[in-house]
Amino acid sequence: MKIGIYPGCSLTGSARDYNESVFALAKAFDIELVQVPDWNCCGATAAHNLNKELSLSLPARILATAEKNGLDEVLVPCAACYSRLAVTQHELKMNPELKNRIGEIIGMDYRGTTKLINVIEWIDAYIIPNLEGRITKPFDYKVACYYGCLMVRPNKVLNYDRAEDPQTMDIAMEKIGAHPLYFPFKTECCGAGLSVSRTEIVAKLSGKIIEDAEHRGADTLIVACPMCHSNLDMRRPSINKYWESDFKLPVMYVTQAIGLAVGLTAKDVGLQRHFVKVNIS
Amino acid sequence: MSEFEPKVVAFVCNWCTYAGADLTGTSRIRYASNVKIIRFPCTGRIDFMLLLKSFANGADGIIVSGCHPNDCHYTSGNFHAKRRWIMFKELMDFMGIDMNRITFSWVSAAEGARWAEVVNTTVARIRELGPYVSYKQMVNTAVEEEVTND
Amino acid sequence: MARIGVFVCHCGENISATVDCHKVAETVGKLKHVAFSTDYKYMCSDPGQTLIKEAIKEHNLTGIVVSACSPRMHEPTFRKAAAEAGLNPFLCEMANLREHCSWVHEKNDMTTDKAIDLVRTLVEKVKINSALQPIKVPVTKTALVIGGGIAGIQSALDIANTGHKVILVERSPSIGGHMSQLSETFPTLDCSQCILTPRMVEVAQHPNITLYTYAEVEGLDGFIGNFTVKIRKKSKSLDEKICTGCGLCTTKCPQKKIPNEFEEGLGFRPAIYVPFPQAVPNKPVIDREHCTYYIKGKCKVCEVVCPTKAIRFDQPDEVIEVQIGAIVIATGFDIKRADFFPEYGFGKYKDVIDGLQFERLASASGPTSGAILRPSDGQVPKNIVFVACAGSRDPAKGIAYCSKICCMYTAKHAMLYKHKVHEGKASIFYMDIRSAGKNYEEFVRRAIEEDYVNYIRGRVSTIYERDGKLIVKGVDTLLGGQPVEIVADMVVLATAGVANHGAEELAQRLHVSYDSHKFFAEAHPKLKPVETNTAGIFLAGACQNPKDIPDSVSQASGAAVKVAALFSQNELTREPLVAFVNRTAPPLYSTCVGCFLCQSVCPYQAIEREDFKTRDGKIIKTVAKINEGLCQGCGTCVALCRSKSIDLHGYTNNQMYTEVMALLNEY
Amino acid sequence: MINLVSRADELLESKAVQVVIGYEAGSTGKARPAFITDPSKTGSLIFDDRCVQNLAVYLTKKEVRYFGKAAIVATLPIMRSIMMLISEQQVFAENIVVLGVSAEGKYIDIAGIEVMQQYIATCDLGNPAKDQETLAMLNKMSTQQKFDFWQKELSKCIKCYACRQACPMCYCTRCAVECNQPQWIPVQSNLHGNTDWHILRAMHLAGRCISCGECGRACPVNIPCHLLTMHMADQVHNYFNVYAGTTDKMSSVMSTFEPNDKESFIQ
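Residue numbers (the numbering used here), protein chains in the order written: chain A, 1 to 281; chain B, 282 to 431; chain C, 432 to 1098; chain D, 1099 to 1365.
Take the hints with a grain of salt, since some may be wrong.
Said to hold, decoys possible - With a straight-line Cα cutoff of 25 Å, these simulated DMTMM-like cross-link-like pairs (lysine to aspartate or glutamate) come out: (1) C:K781 to C:E692; (2) D:K1360 to C:D477; (3) A:K175 to A:E214; (4) A:K93 to A:D161; (5) C:K900 to A:E214; (6) D:K1159 to C:E1041; (7) C:K900 to A:E164; (8) C:K904 to A:E188; (9) C:K461 to C:E485; (10) A:K204 to C:E916; (11) C:K779 to A:E53; (12) C:K454 to C:E916.
Calculated from the structure, these hints are not laboratory results.
In this text the structure is predicted, and so the values were computed from the model without any measurement.
Please build the complete structure, drawing on both the sequences and the hints.
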């Protein structure tokens, strides 16, 4: 089984833990992940505010490269990259003129045939159906699944899950023995890109998410987006400072939780790289 | 030779464009007298063959006009007409018959001034294009052939 | 041999100022078959008309062309004059020399030439006009009203009071509709039941009204004045003639836990039930879906306790066919339920309710006897939030329109709450307050100024539960987009008004059009808001779009007048400008080959099938046939018909062709 | 071939049909239509590259109907013709058995209209590639060039109406061209009459042409008149995203509409 993967900048930098867990999980399930060769920046999150053509050309080049290399299906673990790629695919599909224009800009043949999947779709399609008999350590924890914004919106483009109340991650968690909590903050804003420029806003917004999850008795937050993870995990000291509290709730990637359930070690899935200590193994 | 005066036939529906042209009259807005109106109940009634007949019989230009979409007195006649004209135009373009000779428009019963404008721009355009010879030539050749055959 | 008369009108100087009328009359007079031609100052005047009439008689004219103003103005005048002189009115044509010629052109030879061309064209046309007879259609003077809500009730009563028979069909066990569920009504806060029930009783007792409850319209055939409707009377499992409506069965029925539709799920009812105490008719029906006997094969408690032995478990549905002349559709509307809103919890929070549920809570006859209590725990909510425009005006939810009634009923709800829970806090999130209506704005001001309802202009992004409270997150756009968070005990969503369930199927059965939201479509948005595109079928109330009670009642009365007008004559007379399918000698019968593409092009379902059969009944050929009662004469089928088998009286292929030829060719 | 023959055999033997319409080898080496009513003669049925004629045209012919229920050898264009004929109520589904032949010339079992519909849905419904190329070339010409091209072609027309006779969709008992009140189309085979006739034919086939190309093949003077109807088919798909002959439901493009049909020329 061979599937393309577009890592993007996060997975090679701040979200190495995510990257490690995705690859470890793939390996455990005999899936070969092939990097899109010579990949470039997806343009997130700045390009579409600056220059529309640029913001479409960057992802189009990635997609065209994947097409050229025969990668029919490409996994995009980073939610921001996924959003940019999917939006580009959608816009160019809807507007053939623009498609031709972008094709000229990137100087490549872009057809738009690549099937993009986010990490939850990937889990849904390739991991969950093959779970039987593989769970060595049921993930017996109360979890709050946090989807964020980029994976489910804009609903018109992605048409994935119920945008206001997504379920797929909760269902996946149930499959590995976890107890997903009723969690109304699952699609609330974490502060996203303001992480760099306005940390106090991130502290406020991400804090709310953590506070509610803790209040409901969660053992861990489950995420599938490097940006959400860094806001909830790396920014924890500033969150605690802003909220004058001491939130200890760990934040795990969905791939890490599944990895642990199927017997991978904490190190296999990169748990040691987290800022907030994860007392789950 | 006197200046070329285009012959323009207008096929209009009774409820919108005919009434709109009435309003042009009651508003005393002047327009070119080259156009002559034939009244139909609805644009849906207008047979494409009538357009061809007009060209064959010496029309230099044609106006086809009815109610705006959604305003049809019969609810959908103009929508059917629209499809018909889309296909007709495609065929004429494909056969090299000049569609600049025909103006398709929607003119409502309230658009008296617009009717004058549609007529005037059409007449001006046809004047510029000159007499429509292609179709007439075809008819003339036919007549000549018949004569020689006899 | 045609003998055509031409009458050129000067219209005072309106025409003669730019057109040389005398020259027109003279030139046209020389044309072949023109037996008489003259010009005159005012053709439409009495002497003018007399001139025409005398010429028709004197010259034995077979057709006339009155060359004057627009036919849209005076065609009826001159056709009537022709008829008075013994000439078939459809042998009179008008050339439009005023609006289309003299008023829009300069005075010169070209203008006069154009006038001549216009007259000449119609002379050629009128030569091949046929004498047409008006179409007469008999009228069955019984009306069908579909739907027994306030609109249907009003229409039925109004029609019945003009002395005509009415059949009122209602699909639920009682008439009354949504109005019977309401607690109080805006802007007067009078009790809904108090004003409605007398009307319901009047319907039941009216000698001209036949009421079929628990019945549905299954099919419709025919055309204006002559419909045949098929009505399915669902079995009530009960002999209504014997039942006294004592209600003993309903108290003894062991099945008691069926969500009560009338109470919007806030209460329960038994399997044999009367929907509400004031129901008309006040006799129970058995809900077979939930009745123990129908599910398990035994029980029959109701049969045992019934003092008159009225229960009939094996009673079948009955399908009846009735002849009617007109139909009023008054099937009402429905609302979106809370489970339509993912952001508000997909209906999973018990204390997030919709407007109709609130009506039942506030109603003195409701499940709480009028006390405002939380459905979850029966506590009085201290802090209540109303969300207006829940779904309405939200293209992302597929509902771009305004539901019209929510602004007013939300204000009413907040008021009712404040009147019952004096110390409570009521907030309303709204987009705009639309209170156009008599005393409506004053009503809203009262809610704000006298009952201290907290109006917040902004939308609610999400509602979630925490520690038994509902957290309502929204925005206050008047405070510069400041986020607002309210910890509420109860939330009422003013959900969008939508087409009633089954509206689309009914529209298809009745062959009337409906819009993209499945609301019934009116024939013209401004000038024919009560008519549908199908002649003889009218609309009343919220089946057309969400409406409040006064609007529904007004439209219902409007529809009733349309029906009464139709019933005021024994026969309908229609202009014979309708399509027809040609006939030829056997074995062809008609050049129509029966592809029936014309059927899909006809906006009026006027094209039917006609079979030609041998003597022993074998079908030789099936061709199209125009129903003259339905055809409106648009002629779209004529232009579509490939074999030229359909034609249109007044605008035949031959006439239109002749006009084109005459207009373009020299004379 | 075995399948086709044995199936035809079986149908005639069991009297499920009274005639099998297919192809047989003609005396000049071409394939010709065969109407087989005797089960012992089904062996003469052939199917190969020569079998291109659109046999559906016979389904509406009185002489063929006379036999009774028919089985018909059907390639994709024939199947689409049958769909059109059913949707226009000229042929009744219960009166016909389809002996399907795939693009590769293999027998395919078409057990009913739904199966046929599904099969058609899997096929490429555009014009044949060769014709599509010619269309593209013509479309590139200037208006005058196109006019000249067609005038030259149409001047050859002898008004024999073979194009009409060969077309399964031209089943009218009286064609509009025969209508003389009014005389829509000049009777003579001159340039004017010829042009009007071909315009009329193309308009009448708009949304109904299934791109079999039979009219062009039937033309004795080699006018590529199939390009006219194929161009219409192309444009119908372009504008309305519809291919003719994909459903047995009444669905003609010219007798239906969408309120948002796109055009750019109506002012």
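Each hint, compared with the structure:
For the given pair, K781 of chain C sits about 17 Å from E692 of chain C by alpha-carbon distance, which is consistent with the 25 Å threshold. A threshold of 25 Å between alpha carbons decides the hint, and for K1360 of chain D with D477 of chain C the separation of about 52 Å lies outside it, so the pair is violated. Taking the CA atoms of K175 of chain A and E214 of chain A, the gap is near 22 Å; set against the 25 Å cutoff, the hint holds. Restraint check for K93 of chain A and D161 of chain A: satisfied, since their Cα atoms lie roughly 21 Å apart, inside the 25 Å limit.
With a CA separation close to 17 Å, the supplied pair K900 of chain C and E214 of chain A stays within the 25 Å bound. This hinted pair checks out: K1159 of chain D and E1041 of chain C have alpha carbons roughly 22 Å apart, not beyond 25 Å. Our distance criterion of 25 Å between C-alpha atoms is met by K900 of chain C and E164 of chain A, whose separation comes to about 20 Å. Straight-line distance between C-alpha atoms of K904 of chain C and E188 of chain A comes to about 11 Å, which keeps the hinted pair within the 25 Å bound.
With a C-alpha separation of about 20 Å, the suggested pairing of K461 of chain C with E485 of chain C holds against the 25 Å cut-off. At roughly 15 Å between alpha-carbon atoms, K204 of chain A and E916 of chain C fall within 25 Å of each other, so this suggested pair holds. Taken as a hint, the K779 of chain C and E53 of chain A pair is broken in the structure, with Cα atoms around 44 Å apart against an allowance of 25 Å. At most 25 Å may separate the alpha-carbon atoms for a hinted pair to count; K454 of chain C and E916 of chain C exceed this at roughly 84 Å.
In summary, the structure is inconsistent with hints 2, 11, 12 from the numbered list given earlier, while agreeing with the others.
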